[in-house]
Amino acid sequence: MKRQGKGRHNFSGLRPRRKLRFETLESRELFYAPPMPSIDLPPPPSLSPPVLEKLNRPHHDLNLLPQGSPFNSTRYTPNPIGLFPNGSTQVISPEISPRVVELLEQNEAGPVKSTIHRTGVGLGAPIDTLAGMDPKIRELTTMKENWGEAYGEVTRCLQRIEIAPENLGSNVNTDTIYEWLEDFRLFNKNNIATTEVYKPGPLDFPLPEEESYAVFTVHTLDISDRDDPYWKMLNTLQLIINDKDIVVKLYGNPEHHQLAAVTLENHMLVGVRVWRTYETHAGWLRIETEAHEQRNGFINNLAAEMAARSVMEEVWRRYLINLGNAATGGTGRYAKRPAQWFHYPKGQENPWRNPKSIPTPIPIPPSFDFRSPQTTP
Amino acid sequence: MFLTFASGLLAGVLSGILFAFAFTWDAIGEFESGSVLLTAMTWIVPTIYGSVFAVGYAFLATSGVTIIFPLVSWITRQPTVAHALTTCFVLSAVFYLWQSPTTPHATMIEFGSYKGCCFLSAGLVTQTSFWNSGKS
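These protein sequence lines are chains A and B, in that order.
For the record, in the first sequence the residue sitting at position 301 is 301 according to the working numbering, with numbers rising by one throughout.
For the record, in the second sequence the residue sitting at position 83 is 83 according to the working numbering, with numbers rising by one throughout.
One chain only, chain A, in its complex shape (with noise of 0.2 Å):
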């Protein structure tokens, strides 16, 4: 009898119960089914004049506090594993170049496709499947923009730096900027916040093309170094609201030299920026920053009236510094644009909701002869 108890409890404890979380219909549906193009379906004919009214006044059921799941993501992301024509089975670092990738593939030396897989449960998984996909990346395609939460008026804000053809470094163009706009390779330098890409590696289950992640961790007070105490408290008080880790989704345009990103799930904004590199008619090179956003939640919108809108000013002020300095050779010769503020009227939409269809910029010619003055910080 006690062999028997001992039996059943060994054979229950066989098979625990597995926890499926990102593996939805909804997951796979967001790599096997086509794209759903957005439709806008006209209102019903049944709703009357003052009805349809009440239903594009802005948000007045308010959300206080900000709306979204956060990204906690603590997944061990293995490496993928393949076996070479050599014989032997080696680790492959999903941040491989692609022209590498490319090489070791017209000279045959590269890993047999089918036998890379990603180690997880049992023997793993190919990781041309969801399920062999980098787990943090799979996580992240499952957070949704977040467009309802939309609070407040939209404000469109613009900062830049330009630089005179004469001051760029060598071998420096748009095409050099907008690499190093791509994966914010310069954002974290002496900045007030960081942030992690998270893009699949050449050999990974790609996203669509030119879409990536990004996830932005602010610096708090509880960071030992003692720089920037004043925009670290202004950080850590934000905290009582928001998370420390907010997450949105690029979308690129290297025709352009233009990188979009949409704000998910609990930003504390709602809306998009870019980031965009080129020329100007009289040859100075223009990196600037746009942004159209409202808040997400009531708190939010009154926070950042109160203070936290000069953090993101900051925050893309010194990243502009950083593309400014490494552009120009280090001389830091290139002018500095002050930021412009624009409020849009109470209840329009935000003119960027489709981030793949945000005008590419026109520059224009300049009105008078005068090249704009260098400033050295």
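In short, the hints are calculated from the structure, not lab data.
Ideal Cβ placement from N, Cα and C applies to all residues, glycine included.
Do not rely on the hints blindly, as some may be mistaken.
Claimed, not checked - Incomplete in silico selection of chain B near chain A, CB under 7 Å: (1) 37; (2) 41; (3) 45; (4) 47; (5) 112.
The hints should help you fit chain B onto chain A, whose structure is shown.
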């Protein structure tokens, strides 16, 4: 002395909080529903932002009055003159803060009026404490 200093500091912080409440009240005005007033978060956020950034101005004002008033009293030997001069110092500093350039997109804590409000109340309360202690 400690009580004088603490009362000035507290007055500055309280005025910062009241300023933030007024700012919030103005923001709430656009809602049809009054339920927002009953939510704790609606008052916690302005209390925090209003108080934290008021501490600096309140400390400046309290320290300024605590240094200037005894110094002028010692030089002039006339408390009334010392009070008059200290008031001039407080009002000049408030005017400077009030007039400090504020960008059109400034946040509440960057408003000249917010800075001036915190400084004024802290400065005047500290001075009043000195006045009362001088009388007694």
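Verification of the hints:
A hinted interface residue such as residue 37/B counts as satisfied when its beta carbon comes closer than 7 Å to some beta carbon of chain A; here the least separation is about 11 Å, so the hint is violated. The beta carbon of residue 41/B comes within 5 Å of a beta carbon in chain A, closer than 7 Å, and the hint placing it at the interface holds. Annotation: residue 45/B was flagged as interfacial toward chain A, and the flag holds, the nearest CB pair being 6 Å apart, inside 7 Å. Hint status for residue 47/B: violated, given a least beta-carbon distance of 11 Å to chain A, over 7 Å.
Below 7 Å, beta-carbon pairs count as interface contacts, and residue 112/B has none with chain A, the closest being about 15 Å; its hint is therefore violated.
Checked against the numbered hints listed earlier, the structure breaks hints 1, 4 and 5; every other hint is satisfied.
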